[in-house]
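Please model the complete structure; the sequences and the hints are all you need to start from.
Residue numbers (the UniProt record's numbering), protein chains in the order written: chain A, 1 to 370; chain B, 1 to 529.
Don't read these hints as lab results, they were simulated from the structure. Since no wrong hints were added, every one of them can be taken at face value.
Computed, partial: chain A to chain B, Cβ under 10 Å: (1) 56; (2) 80; (3) 92; (4) 96; (5) 106; (6) 150; (7) 151; (8) 183; (9) 199; (10) 204; (11) 233.
One side only, chain B facing chain A, incomplete, derived with CB under 10 Å: (12) 71; (13) 311; (14) 326; (15) 386; (16) 458.
Think of the CB as a built atom: it goes at the ideal place given N, C-alpha and C, for glycine as much as any other residue.
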Amino acid sequence: MIKRVWLLPWIGLFVSLPANAAWEVNITPGATAIAREVYDLHMIIFWICVAIGVVVFGVMLWSIIHHRKSRGAEARNFHENTAVEILWTLIPFVILIAMAIPATATLIKMYDSTDADIDIQVTGYQWKWRYQYLGQDIDFFSSLSTPREQINNEAAKGENYLLEVDNPLVLPVGKKVRFLFTAADVIHSWWVPDLAVKKDAIPGFINESWAIPEEPGIYRGQCTELCGRDHGFMPIVVEVKPQAEFDQWLADTRSAAQAQAAAATEEWTLEQLMERGEQVYNTSCAACHQASGQGIPGAFPALAGSPMVTTDIDAHINIVLHGKAGTAMQAFGAQLNAVDLAAVITYERNAWGNDTGDSVNPQRITELQQ
Amino acid sequence: MDTTLSPTVDTTEHGHGPAKGLGRWFFTTNHKDIGTLYLWFSLLMFLTGGCMALMIRAELFQPGLQLVQPEFFNQMTTMHGLIMVFGAVMPAFVGLANWMIPIMVGAPDMALPRMNNWSFWILPFAFSLMLSTLFMEGGGPNFGWTFYAPLSTTYAPPSVTFFIFAIHMMGFSSIMGAINIIATILNMRAPGMTMMKLPLFVWTWLITAFLLIAVMPVLAGVVTMMLMDIHFGTSFFNAAGGGDPVLFQHVFWFFGHPEVYIMILPAFGIVSEIIPTFARKKLFGYASMVYATSSIALLSFLVWAHHMFTVGLPLAGELFFMYATMLIAVPTGVKVFNWVATMFHGSMTFETPMLFALAFVVLFTIGGFSGLMLAIAPADFQYHDTYFVVAHFHYVLVPGAIFSIMAGAYYWLPKWTGHMLNERLGKAHFWLSFIGVNVTFFPMHFLGLAGMPRRIPDYALQFADFNAVASVGAFIFGLSQLLFVYNIISCIRSGERATDQVWEGAHGLEWTLPSPAPYHTFSQPPVIK
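Listed below in structure tokens is the structure:
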């Protein structure tokens with residue numbers, strides 16, 4: 001009876017609160033069979049801990065109430081009992097074995113990444129994700145799409161504040177997807193709670209994991225390994241679609257990539273480049289160099305008025321394409337297409353009063369990349 | 001323990017009292033002076049690290065970036081962790097060891113007093129160096145207290161070299177302190193004090209000291225490898241040069257996991273002294289406490305990779321580290337059961353040290369439960385690097401290590417100062433701290449389970465409410481520590497005279513000495529029967 005009374009507040013906490021999303025208190029049952037198994041495992045262990053807690057804290061509370069000097073309690077003289085001590089070594093041991101059995105079974109399943117239908121290579125960059133559908137000719141970057149004004153409290157925050165991206169990862173429903181994780185700079189970690197997948201993306205190494213999403217929907221996650229300044233601004237969005245819609249998405253994405261390649265052979269005007277360059281700058285460069293081009297003294301150099309962007313154009317193109325070793329300045333040559341690179345370089349050379357009047361044509365970038 | 005005091009207290013001092021002026025503190029070789037220095041230093045660091053924590057909690061009070069920019073936020077989380085681990089908790093335990101171990105084992109001083117002075121005086125320099133990096137170009141360390149490569153090597157600010165040097169100095173200090181403690185315990189015990197008669201605080205520190213000697217060189221090794229990677233062109237942690245970033249984590253956690261036990265074993269010792277005193281009953285299961293502590297220490301070397309369940313260990317490795325980690329629950333459970341059995345059928349009173357000790361038992365056990373949950377590898381994939389982990393290790397480190405240090409300070413303060421402390425203030429400090437700690441860290445379990453990663457300066461809207469609650473709790477906890485400082489100072493300057501035994505149920509050699517403990521004690525060893 002005493003046990004039940006003790007359980008009530010816990011039950012109350014875990015049953016009533018999840019109704020209100022803002023007071024979410026538990027892990028998600030998830031959208032895959034494995035995620036549900038993990039959820040069940042989590043709940044079993046939780047309740048075992050609660051039960052042990054009730055017994056231990058119950059005895060302690062009983063002693064505090066009844067064996068206090070102010071109630072005239074006399075201290076007894078016992079101070080060891082080998083039988084009891086052996087017993088309370090063995091009982092926890094048995095409980096642990098009972099926990100280890102289902103945990104081992106689930107773990108073995110989680111490690112079986114064979115017979116996948118689709119392979120996707122996920123590469124962590126400071127601070128965005130790159131998704132390559134292996135053998136499918138699809139390769140794109142996915143970065144935070146929450147506007148900086150919301151982060152800086154200059155605009156009202158949207159519903160999916162910090163959990164939204166420009167290009168989500170798209171998966172077909174009911175297919176086994178194998179993820180191959182790696183990173184381009186530092187260690188990141190790819191976590192989507194609903195898929196129960198969390199795996200480190202380590203530069204120079206490849207890790208595997210897998211998931212079979214069961215329901216169409218949008219699942220959100222975040223990078224969970226401290227990866228520098230914008231670690232908190234590196235969300236993951238997974239869109240699970242029915243097979244037909246997924247196939248359509250594949251086709252659309254492929255033709256968009258072809259259109260992109262064609263655009264790189266066209267002539268672009270300074271205005272067109274400036275307009276596009278501003279967008280590219282704000283998603284790819286503003287995190288470090290700031291939207292105002294002022295940089296952060298000591299950490300990230302200013303671009304406004306910097307000789308790097310106002311004098312030698314080849315040096316400027318070179319650093320954007322190849323980065324600067326040993327600093328946070330990455331090689332954007334592999335991350336952005338020729339049009340975006342040309343646009344952003346043009347933008348940097350003309351924004352914030354730099355006004356060099358230079359414009360870089362996408363074809364020039366394409367030549368340099370070959 | 002049956003102890004009798006032969007006429008051993010040297011009250012005449014033979015003219016060897018403390019030196020006058022500041023020189024007393026700079027050149028002292030007296031274990032009590034050095035213990036005092038360590039304790040003041042650790043209190044100062046606790047408040048410094050605490051201010052950083054409050055800065056973090058203030059920024060996280062609401063979604064959006066309000067007070068600080070992400071790079072400064074990262075410096076704060078890094079410094080907060082490093083300062084609390086190496087500047088607050090460890091020196092506090094060493095301070096308690098310096099003060100109490102010689103008088104608990106009936107020794108006149110530490111075995112190596114001159115080295116003892118060095119072990120302490122290295123620390124202020126190490127921490128000044130580390131704190132100074134905050135003002136350097138590019139800022140201080142910003143890669144978390146675990147400083148994973150390559151974020152801490154290739155992508156680190158230039159000040160990381162100073163950070164490495166500071167870590168080396170802290171390591172020297174810890175190793176010298178540990179050698180001193182081992183030598184004192186093994187060689188300077190009073191006649192008749194066999195190993196199985198040692199007070200538990202002494203036992204736990206003996207085991208801790210061996211852990212320190214085993215793992216601090218590993219930490220020194222890993223930072224030296226970093227130094228080589230940064231300045232001498234090696235590639236220990238750089239895959240492009242044939243190295244492996246995960247090697248860093250293996251080496252770091254081979255140090256780091258025993259390190260977390262270095263921060264809790266002496267706490268077990270303190271609590272095992274306090275609970276019997278205020279329950280007026282001998283500690284239940286002395287021998288099994290010693291065996292349990294040793295088992296925890298041995299197991300701590302076999303479980304480091306549970307911090308790395310997501311780095312892509314092979315299945316066999318994952319299983320081994322899961323089982324080994326779960327096993328730690330057994331000896332830890334034995335300890336908790338023994339403490340509860342000590343209270344059972346005791347005659348308890350609830351002075352401030354006892355309140356902190358009781359809170360320790362309950363809250364540390366809650367931290368143990370979340371630790372057991374974290375040990376289950378498949379579930380750990382969901383918990384790892386979330387606020388659930390933050391909640392877990394703060395439950396074992398704040399109401400665990402830090403509450404035990406406060407309990408110890410309140411317990412032994414009358415012996416140190418000769419004055420009783422202000423019980424009302426002590427209780428107020430306890431209750432505010434207790435409420436503050438729980439309001440701060442309990443909601444973090446929910447945040448982590450709901451999906452909030454750790455070490456982020458800004459978060460999604462569904463995490464807003466619990467973060468606001470946690471921040472309020474942090475300020476309650478932080479500000480209530482001012483009561484602690486005030487209480488210590490007023491206990492030194494005034495207060496009711498303390499008796500020699502101080503607490504009604506206290507047993508042990510330290511309570512046979514006058515209060516305050518004379519500058520020199522046990523120049524004639526006491527005889528233990």
